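Novice: The primary structure of each chain is shown beneath.
2 protein chains.
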Amino acid sequence: MNELALVDRLRKMRGVSGIGDDCAVFRPRTGEDLLLKTDQLIEGVHFPKSMRPETIGERALARALSDIAAGGGDPRCCLVALAVPRTKSERWILAFFRGLLSLGTKTGTVLVGGDLAHDDKVHSSVMVVGAVRRGKALTRAGARPGDQLYVSGRLGKPWDRKIVPRLALGRKLSGKATACIDLSDGLSLDLHRLCKESRVAAQVDDIPIVGGGNLERALHGGEDYELLFTLPPRSKPPAGTTLIGTIVAGTPGTVWLKGRKLPPRGYDHFA
Amino acid sequence: MNELALVDRLRKMRGVSGIGDDCAVFRPRTGEDLLLKTDQLIEGVHFPKSMRPETIGERALARALSDIAAGGGDPRCCLVALAVPRTKSERWILAFFRGLLSLGTKTGTVLVGGDLAHDDKVHSSVMVVGAVRRGKALTRAGARPGDQLYVSGRLGKPWDRKIVPRLALGRKLSGKATACIDLSDGLSLDLHRLCKESRVAAQVDDIPIVGGGNLERALHGGEDYELLFTLPPRSKPPAGTTLIGTIVAGTPGTVWLKGRKLPPRGYDHFA
Numbered sequence: 000m001n002e003l004a005l006v007d008r009l010r011k012m013r014g015v016s017g018i019g020d021d022c023a024v025f026r027p028r029t030g031e032d033l034l035l036k037t038d039q040l041i042e043g044v045h046f047p048k049s050m051r052p053e054t055i056g057e058r059a060l061a062r063a064l065s066d067i068a069a070g071g072g073d074p075r076c077c078l079v080a081l082a083v084p085r086t087k088s089e090r091w092i093l094a095f096f097r098g099l100l101s102l103g104t105k106t107g108t109v110l111v112g113g114d115l116a117h118d119d120k121v122h123s124s125v126m127v128v129g130a131v132r133r134g135k136a137l138t139r140a141g142a143r144p145g146d147q148l149y150v151s152g153r154l155g156k157p158w159d160r161k162i163v164p165r166l167a168l169g170r171k172l173s174g175k176a177t178a179c180i181d182l183s184d185g186l187s188l189d190l191h192r193l194c195k196e197s198r199v200a201a202q203v204d205d206i207p208i209v210g211g212g213n214l215e216r217a218l219h220g221g222e223d224y225e226l227l228f229t230l231p232p233r234s235k236p237p238a239g240t241t242l243i244g245t246i247v248a249g250t251p252g253t254v255w256l257k258g259r260k261l262p263p264r265g266y267d268h269f270a
Numbered sequence: 000m001n002e003l004a005l006v007d008r009l010r011k012m013r014g015v016s017g018i019g020d021d022c023a024v025f026r027p028r029t030g031e032d033l034l035l036k037t038d039q040l041i042e043g044v045h046f047p048k049s050m051r052p053e054t055i056g057e058r059a060l061a062r063a064l065s066d067i068a069a070g071g072g073d074p075r076c077c078l079v080a081l082a083v084p085r086t087k088s089e090r091w092i093l094a095f096f097r098g099l100l101s102l103g104t105k106t107g108t109v110l111v112g113g114d115l116a117h118d119d120k121v122h123s124s125v126m127v128v129g130a131v132r133r134g135k136a137l138t139r140a141g142a143r144p145g146d147q148l149y150v151s152g153r154l155g156k157p158w159d160r161k162i163v164p165r166l167a168l169g170r171k172l173s174g175k176a177t178a179c180i181d182l183s184d185g186l187s188l189d190l191h192r193l194c195k196e197s198r199v200a201a202q203v204d205d206i207p208i209v210g211g212g213n214l215e216r217a218l219h220g221g222e223d224y225e226l227l228f229t230l231p232p233r234s235k236p237p238a239g240t241t242l243i244g245t246i247v248a249g250t251p252g253t254v255w256l257k258g259r260k261l262p263p264r265g266y267d268h269f270a
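One line per chain: the protein sequences are A and B, in this order. Quick note: the first sequence, position 87, residue 86 per numbering that gives the first Met the number 0, numbers continuous. Quick note: the second sequence, position 255, residue 254 per numbering that gives the first Met the number 0, numbers continuous.
Isolated chain A (complex conformation):
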């Protein structure tokens, strides 16, 4: 199959719009800022060769959507750069996009463009555009001493479960949370990042651990895709979230767990 024929097939799928031109055209609404995110998913690095193409496609989008959730945004559209070995069939590629589009249509993320190439291994980069009320994007940078530290869900989940990006929670937090980050590389590293950007420290008291999980994995395991966020003192937290600690003054980036320093040793791709 050639690229023209493949793109023709893709254009007919549900949740796809406007692909097949040099650029996708996107009309922003007035009063909105856009959130931009790109995220890679690489065979042998982020997933095993044996993973089903539908699952790979869904995860590729879900990971980027988790960052849009952390920004408090509504996902609008995505572009997908996909490289596959020549041995992969048209059927495999279409299954990848079927998986991606199943999550896309659920979350309002339209596939508007992309790029296809051949490579030795499967390598996808998904770029998502989200929208948020002007000036209301959540960042890692606004936490203040005295703010309360919360996390959604439970931590230490197995990496290969289905990822459910916390979009509804992110939208609720927009304009309320002082800082927010998604837990993709482990609580210890991601909380360190949030504190460093906010130029504060944090004291963690307790962590909600998933059934069958353990503290080590909850602290340093990656791929939980929950939201870690801070609220001003005396704010009411949204349902399904747990108070785990407090923001304090201190050397930017320092994290204390029950009085002991917690080193940032989650998943660092360049360590």
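Treat the hints with care, as some may be off.
Restricting the straight-line Cα-Cα distance to at most 25 Å, the calculated cross-link-like pairs of lysine-lysine (PhoX-like) are [stated by the list, open to error]:
1. B/Lys105 - A/Lys120
2. A/Lys120 - B/Lys120
3. A/Lys171 - A/Lys235
4. A/Lys48 - A/Lys161
5. A/Lys120 - B/Lys87
6. B/Lys120 - A/Lys87
7. A/Lys171 - A/Lys161
8. A/Lys105 - A/Lys171
9. B/Lys120 - B/Lys87
10. A/Lys135 - A/Lys175
11. B/Lys135 - A/Lys48
Derived DEER-like restraints, expressed as beta-carbon distance ranges [said to hold, decoys possible]:
12. A/Val163 - B/Arg160: 26 to 34 Å
13. B/Met12 - A/Val163: 32 to 40 Å
14. A/Gly134 - B/Arg160: 40 to 48 Å
15. A/Pro251 - B/Met12: 37 to 45 Å
Cβ-to-Cβ under 7 Å is the rule here; a few derived chain A residues that face chain B [as the list claims (entries may be wrong)]:
16. Met12
17. Gly14
18. Ile18
19. Pro27
20. Asp66
21. Asp73
22. Leu78
23. Asp114
24. His122
25. Lys175
I should point out that these hints are in silico values taken from the structure, not numbers from a laboratory. As the structure is a prediction and not an experimental result, all values here were calculated from the model. Positions of the beta carbon are idealized from the N, C-alpha and C atoms, including for glycine.
Assemble the complex: chain A is given as a structure, and chain B must be docked to it using the hints.
Specialist: Just chain B now, kept in the frame of chain A:
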């Protein structure tokens, strides 16, 4: 070097803004549409292992900017997903970004985000956001029988020269050209695509060939990165462009060269 330290270095480079959060925040201006494009550059597929990192970085951005030019837009910002082998030094990665940012600062394209990972080979996906006056984006779809067909520059250039995206020309064509495409995969294939999207055919009479080039390469060679566009009859063409033929009624996608059918056999990644 770890990812945190590398991102810190990148944040201090000229032409970089706002990286180091879950998402980049982009504020669109009112009255503008956005052009979105993603493009891959893979070691061993799009460039040889021996290519300098500065050149790879510059090409990675230049190819995507050529598509923004074809849409008639002004580039605004970009995100870069980069995977490199563990053997590549911090120096190599910074050189890649230096090359990319040298073109970025020249063209007003700010690096606002990205994603770093390790892989066996260098693999970059660059996503560019451009802006164009509302409703004035150029597409492949508006050519009509009677329109005149033009190309910028000369075709059949060696693939490894410096790519100069035709941004100034694209801006001039916005609101004037009826259709436009950038020549990345060869005239025969890209003109076929333009005609197919516009549901027309084309007659090509003559082609400007670069010194030292030949007709075969000018017709079917990729990577010329010139603009191919159509103007209504009796329009004045911009300087530096050549009239090469006429749009005619016919089976959508058919291209005639001096009375003989020209098959679309440029560079197809999935052929």
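Novice: So, for every hint listed, does it hold in this structure?
Specialist: Do the hints match the structure? See the list:
1. Among the hinted pairs, B/Lys105 with A/Lys120 is inconsistent with the structure: their alpha-carbon atoms are about 34 Å apart, more than 25 Å.
2. A hinted pair counts as satisfied when its Cα atoms are at most 25 Å apart, and A/Lys120 with B/Lys120 qualifies at roughly 10 Å.
3. As the CA atoms of A/Lys171 and A/Lys235 are separated by approximately 12 Å, the hinted pair is consistent with the 25 Å bound.
4. Between A/Lys48 and A/Lys161 the CA atoms are separated by roughly 17 Å; this keeps the pair inside 25 Å, and the hint holds.
5. Proximity of A/Lys120 to B/Lys87 is assessed by CA-CA distance (about 19 Å); at most 25 Å being required, the pair is judged to hold.
6. Of the supplied pair hints, the one linking B/Lys120 and A/Lys87 holds, its CA atoms being roughly 19 Å apart against a limit of 25 Å.
7. Under the criterion of a C-alpha separation no larger than 25 Å, the hint pairing A/Lys171 with A/Lys161 is consistent with the structure, at around 22 Å.
8. Taken as a hint, the A/Lys105 and A/Lys171 pair is honoured in the structure, with Cα atoms around 18 Å apart against an allowance of 25 Å.
9. Under the criterion of a C-alpha separation no larger than 25 Å, the hint pairing B/Lys120 with B/Lys87 is consistent with the structure, at around 10 Å.
10. With a C-alpha separation of about 9 Å, the suggested pairing of A/Lys135 with A/Lys175 holds against the 25 Å cut-off.
11. Of the pairs offered as hints, the one joining B/Lys135 and A/Lys48 is violated, with about 44 Å between alpha carbons and a cut-off of 25 Å exceeded.
12. A/Val163 and B/Arg160 have their C-beta atoms about 48 Å apart, which leaves the hinted 26 to 34 Å range violated.
13. Range check, B/Met12 to A/Val163: Cβ separation about 36 Å, and the 32 to 40 Å hint holds.
14. Checked against the hint of 40 to 48 Å, the C-beta distance between A/Gly134 and B/Arg160 comes to roughly 44 Å, which is consistent with it.
15. In this structure the hint that A/Pro251 and B/Met12 lie 37 to 45 Å apart at CB is violated, the actual value being about 22 Å.
16. At about 17 Å, the closest approach between the beta carbon of A/Met12 and any beta carbon in chain B exceeds 7 Å, and the interface hint on this residue is violated.
17. Because the closest C-beta pair between A/Gly14 and chain B is about 16 Å apart, greater than 7 Å, the hint is violated.
18. For A/Ile18, the interface hint is violated, since its Cβ never comes within 7 Å of a Cβ in chain B; the closest pair sits about 11 Å apart.
19. Hint on A/Pro27 holds. Least Cβ distance to chain B is approximately 4 Å, under the 7 Å limit.
20. The beta carbon of A/Asp66 comes within 4 Å of a beta carbon in chain B, closer than 7 Å, and the hint placing it at the interface holds.
21. For A/Asp73, the interface hint is violated, since its Cβ never comes within 7 Å of a Cβ in chain B; the closest pair sits about 12 Å apart.
22. A least Cβ separation of about 4 Å between A/Leu78 and chain B falls short of the 7 Å threshold, and the interface hint therefore holds.
23. For A/Asp114, the suggested interface contact is upheld, since its CB lies about 5 Å from the closest CB of chain B, less than 7 Å.
24. Proximity of A/His122 to chain B holds as hinted, the smallest CB-CB distance being about 6 Å (cut-off 7 Å).
25. Hint status for A/Lys175 relative to chain B: violated, with the closest Cβ pair at about 17 Å, above 7 Å.
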